[in-house]
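Student: Now for the letters of each chain:
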Amino acid sequence: MSDIPPLPEIIFYILRRGLYHSLLLTALGLSIGFILGLSLALMRVHGAKELAWFSSGYEKLFRGIPLIVLIYVFAFGLPDIFWYIDPLELRLGSVVLALSLRSAAYQSQIFRGAILSVTPGQTEAARSLGMKESQAFRHIVMPQALRLAVPSWSNEYAVVIKDSSFASTIGIIEMTQAAYFVSVNFQEIWALSYLILAILYLLFTYPITRIFGERQSKKLKKMGMGGG
Amino acid sequence: MLRVVDIWKSYEDLHVLKGVSFEIGEGEVKVIFGPSGSGKSTLLRCINMLNPPDKGEVYLRGQNITASEVNINAMRARIGMVFQHFNLFAHLKAIDNVSIGLRRVKGFPKEEAQAKALEVLQSVKMEKWADHYPAELSGGQQQRVGIARALAMDPDVILFDEPTSALDPELIGEVLQVMLDIAKAGTTMIVVTHEMGFAKAVASEMIFLGDGVIIESGTPEHFFVSPKSERVKNFLKQLDVLYGSHEKLLK
Numbered sequence: 001m002s003d004i005p006p007l008p009e010i011i012f013y014i015l016r017r018g019l020y021h022s023l024l025l026t027a028l029g030l031s032i033g034f035i036l037g038l039s040l041a042l043m044r045v046h047g048a049k050e051l052a053w054f055s056s057g058y059e060k061l062f063r064g065i066p067l068i069v070l071i072y073v074f075a076f077g078l079p080d081i082f083w084y085i086d087p088l089e090l091r092l093g094s095v096v097l098a099l100s101l102r103s104a105a106y107q108s109q110i111f112r113g114a115i116l117s118v119t120p121g122q123t124e125a126a127r128s129l130g131m132k133e134s135q136a137f138r139h140i141v142m143p144q145a146l147r148l149a150v151p152s153w154s155n156e157y158a159v160v161i162k163d164s165s166f167a168s169t170i171g172i173i174e175m176t177q178a179a180y181f182v183s184v185n186f187q188e189i190w191a192l193s194y195l196i197l198a199i200l201y202l203l204f205t206y207p208i209t210r211i212f213g214e215r216q217s218k219k220l221k222k223m224g225m226g227g228g
Numbered sequence: 001m002l003r004v005v006d007i008w009k010s011y012e013d014l015h016v017l018k019g020v021s022f023e024i025g026e027g028e029v030k031v032i033f034g035p036s037g038s039g040k041s042t043l044l045r046c047i048n049m050l051n052p053p054d055k056g057e058v059y060l061r062g063q064n065i066t067a068s069e070v071n072i073n074a075m076r077a078r079i080g081m082v083f084q085h086f087n088l089f090a091h092l093k094a095i096d097n098v099s100i101g102l103r104r105v106k107g108f109p110k111e112e113a114q115a116k117a118l119e120v121l122q123s124v125k126m127e128k129w130a131d132h133y134p135a136e137l138s139g140g141q142q143q144r145v146g147i148a149r150a151l152a153m154d155p156d157v158i159l160f161d162e163p164t165s166a167l168d169p170e171l172i173g174e175v176l177q178v179m180l181d182i183a184k185a186g187t188t189m190i191v192v193t194h195e196m197g198f199a200k201a202v203a204s205e206m207i208f209l210g211d212g213v214i215i216e217s218g219t220p221e222h223f224f225v226s227p228k229s230e231r232v233k234n235f236l237k238q239l240d241v242l243y244g245s246h247e248k249l250l251k
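Just so you know, the sequences run in chain order A and B.
In terms of the numbering used here, the first sequence opens at residue 1 and continues consecutively.
In terms of the numbering used here, the second sequence opens at residue 1 and continues consecutively.
One chain only, chain B, in its complex shape (with noise of 0.2 Å):
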């Protein structure tokens, strides 16, 4: 359904990705994970074009995304991203940030677009905040209608920008949560995460990203039971070290 295909993309002297290429299916959820530096993030910019690559290309369904000739804007529609930082929109009510793409976007009228919104509000269980703006809610809450603002668009597939790191612990869990549930919903999602348990539970593929390229690709059993290279090893164990395990937050 997004075919990835040599992504380079560099900063002045600095080589970021160095001919990154996957694929993902419909439904499928893809983790992406691997050291800071190794170009997670640049990668899913790459994808929705926020930082278009140096080089390589991007389809989806089939469409050359990458390309001069199509109207990216169209295409960003139909590709959600869930950002670390939340980057709800600071003047909008919980449920305006999940409408506005529906109104200036996709043209939806303003009864429909919040009846939408509301809906979709309920799916996260934030329907109760709809009237509070990003301050008055915590980190985890905001980042649940973050994931919400994405669904409303009924996008291809959910780009994930490590949504739980900047979240206090206490907070992960229920944002782990609404992911796991729309992962179950057959939602496609690209994932940056070291949310190893998150991984375990829904992940059709993990990719390890290190200096820009893929080190090691591989189902979940593959990585927890037997990783083939050492620095994988090595990282899933500082992983455990530093993390520990979130399962016991997964219902």
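Same shape as in the complex, but just chain A (with noise of 0.2 Å):
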């Protein structure tokens, strides 16, 4: 058993070693996730029944089934397809799948609640100054609707980068990962170890929910946005 190292070397080591691959995969997820999810909520407001009601059944079938069980189906499962592409690769792939899909179930709720909170004495003044359906939404609905997103988007964020640790149930070195490996190394002080690791969790996740989620919600209030 080696010496334990100071305190800001255990830090640094766990960023070092885990911080790329936790905010790649939260990066990826989220993006990812947006793209889904804006275009899920707008199949589910304006979209031909059809559509609607595979948004809907979408939202229910992934926000139902646990995270893991969709990372160890695209981990197991995927290698048998593209048995051609990098493990590692296709590892990271699976996770960025999963978190994905089921942050876009999430945020298409998030999107289709904000695009409905718009008045619709907002869209009643577009139509009355001559626009057409599409631009009143684009340049009226939409701008207002992603503003009102924001709290709930950077809830959102704040998931994602925490089940973004579920990448090292599958051998990803991530930061839960690089915080186990220093937790096995020096027994001694495993609690430490977990105990840093929660705290920058915490630190990439409470001072982005304070800044988009309460101000934000403060500031769009203010603005007369959302009825209420």
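In short, the hints are calculated from the structure, not lab data.
Nothing here was measured: the structure is a model prediction, and the numbers come from that model.
Note that beta-carbon positions come from the ideal geometry of N, C-alpha and C, so glycine has one too.
Heads up, a few of these hints could be off.
Capping the alpha-carbon separation at 30 Å, the derived lysine-lysine pairs in DSSO-like fashion look like this [said to hold, decoys possible]: (1) Lys93(B) <-> Lys222(A); (2) Lys110(B) <-> Lys93(B); (3) Lys221(A) <-> Lys93(B); (4) Lys222(A) <-> Lys18(B); (5) Lys132(A) <-> Lys221(A); (6) Lys219(A) <-> Lys162(A); (7) Lys200(B) <-> Lys218(A); (8) Lys228(B) <-> Lys184(B); (9) Lys219(A) <-> Lys233(B); (10) Lys116(B) <-> Lys132(A); (11) Lys221(A) <-> Lys128(B); (12) Lys184(B) <-> Lys116(B); (13) Lys222(A) <-> Lys116(B); (14) Lys132(A) <-> Lys49(A); (15) Lys228(B) <-> Lys222(A); (16) Lys233(B) <-> Lys18(B); (17) Lys219(A) <-> Lys18(B).
Computed far set for chain A versus chain B, every beta-carbon distance over 10 Å [as the list claims (entries may be wrong)]: (18) Glu9; (19) Tyr13; (20) Leu24; (21) Leu88; (22) Gly130; (23) Ile140; (24) Tyr180.
Quick one: dock chain against chain with the hints and give me the complex.
Tutor: Listed below in structure tokens is the structure:
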């Protein structure tokens, strides 16, 4: 057993080994989830009946499956189909797929709620100026809906960055896996390594949800958006 | 200039409009009043097809805009509307509220649209507030921007849907003043309002709507001197009690 390293070294180690994958998985999961989620919300609100059904079914399905199950299904299933792809990349891809498919279900709900909470008077005023339905949606409803979605969306960011830790279960080295390495190498301080890990996650979530969640909520209310 | 012919509209079992017809000429101001639920707002919404009528036609400069083959968006660009609750675009500054129609509907380049918007804001004395968001403005100021937004499109006619009824009493005067100014400048206006001082000052004709039909119409003098039906007499009496007279606010 080696000497116990000083605290800054532990923190630096976790960040150096794990931060890149944690942030990469979060960024990809959120942004793919954003594109899918927004599309699902549009289908649900403005799409034909079949599209709305599909969207609603998708939401129910992916909100009902534990993330770890999705990760296992992709991580164990994909290599059979894509045997020619590098295994590490495929594992990363599995987590990204799981995170983004599930996040899409939640983001769809966020955007649907935001679109519906733009008051009908806004659309009416836009139409009364002669805007087409599509113009009214694009120039008046969407800009407001996206702003209204920010507080819930920052919450979704916090969920995804924390859930990126599930990647450790299939051997991807992100922050949680790095902390695990510390804990097995220096067993006397196993608790400390997880405490540091917890604080790191907190530092990556709290300021963001604080700024984009609470403050933005207040600002939106002050701007009179969302009809109450 | 605008002709409304036999408009019918119902919501399920509720017959809101039962055959309303009238005509308004260039530069005229028509005031529509009557008890709540009489179909006043619905009538305005039928005219610009926000709620298309079940039956009847609306002709704008001879063109039937209720016909299905008409490009209703192009028609709406020629019919301004001012809303009871202002309905300013909450995410846009006052000046952008006024310029967005010019840019997106009339295809003005940005500079030109902003210049014109500022000009129109000046005409409603709101140019100093151009860079403020609606929520930073008082109700009266918001409504003046709402009027500017409609005016900027150079519409053939502007519909006013109870433009002052959501305002605190001390803010009504500034909005009515703007409406008087643009009426005197020759804007064709159809105004749903209970502001009888305004009606007296500029209406070329007043229409009393009750239960979805025109009960009585005539000049302001007719209504204030010798209204025919009991309903109108009673209604005007109630208005006096409720609202008093705002004439003192009108210069």
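Student: Are any of the numbered hints broken by this structure? If so, which, sorted upward?
Tutor: 4, 7, 9, 15, 17, 22, 23
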